[in-house]
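With the sequences and hints as input, model every part of the structure.
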Amino acid sequence: MTQSLFTQAIRQKLLANGARSAAGEDIDPAPVVKLFTPDANATWLLTEIDPDNPDIAFGLCDLGHGCPELGSVSLKEIERLRGPLGLPVERDRHYGETRRLSEVAKMARRAGSVSA
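Each residue of the sequence shown is one higher than the last, beginning at 32 in our numbering.
Please note that a few of the clues may not be correct.
Unchecked claim - Derived pair list, reagent style SDA-like, types lysine to any residue, alpha-carbon separation capped at 20 Å:
1) K107 - G117
2) K44 - K107
3) K107 - P69
4) K44 - D59
5) K107 - F67
No lab work stands behind these hints, which were simulated from the structure alone.
As structure tokens, then:
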């Protein structure tokens, strides 16, 4: 699962952040990975994967309706998702956000979308 979406290094970083969260640590890391629909307006900036349920990721979710929000998503559902032209979700291979998720989320809410 998620072989096409994540490299091993990305997956390990997402799991490490998830383990820190699960341990009760109050973390606010920069997003690790950006996923998007090339033929729609959906974008996910993910920071962690739940180590107890590796299908669930957490991050900033923008489905293109003007209200990006923080939340959990199913990676299986993202993998199955297709845009109007039938294209699958892709990983932005050049993404490299350095701002913390809370800051990115605040900016996205103000703008009404994730424009990173």
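Query raised in the report: Given the proposed pairing of K107 with F67, does the C-alpha separation stay at or below 20 Å?
Result: holds (14 Å)
Query raised in the report: Taking 20 Å as the top limit, are the C-alpha atoms of K44 and D59 close enough?
Result: Measuring from Cα to Cα gives roughly 14 Å; hence the hint holds.
Query - Proposed proximity, K107 with K44 (alpha carbon, max 20 Å) - result: Measuring from Cα to Cα gives roughly 19 Å; hence the hint holds.
Query - Restraint status (C-alpha distance of K107 to P69 at most 20 Å) - result: With Cα atoms ~18 Å apart, K107 and P69 stay inside 20 Å; holds.
Query raised in the report: Is the straight-line distance between the alpha-carbon of K107 and that of G117 20 Å or less?
Result: Measuring from Cα to Cα gives roughly 17 Å; hence the hint holds.
In summary, the structure agrees with every hint in the numbered list given earlier.
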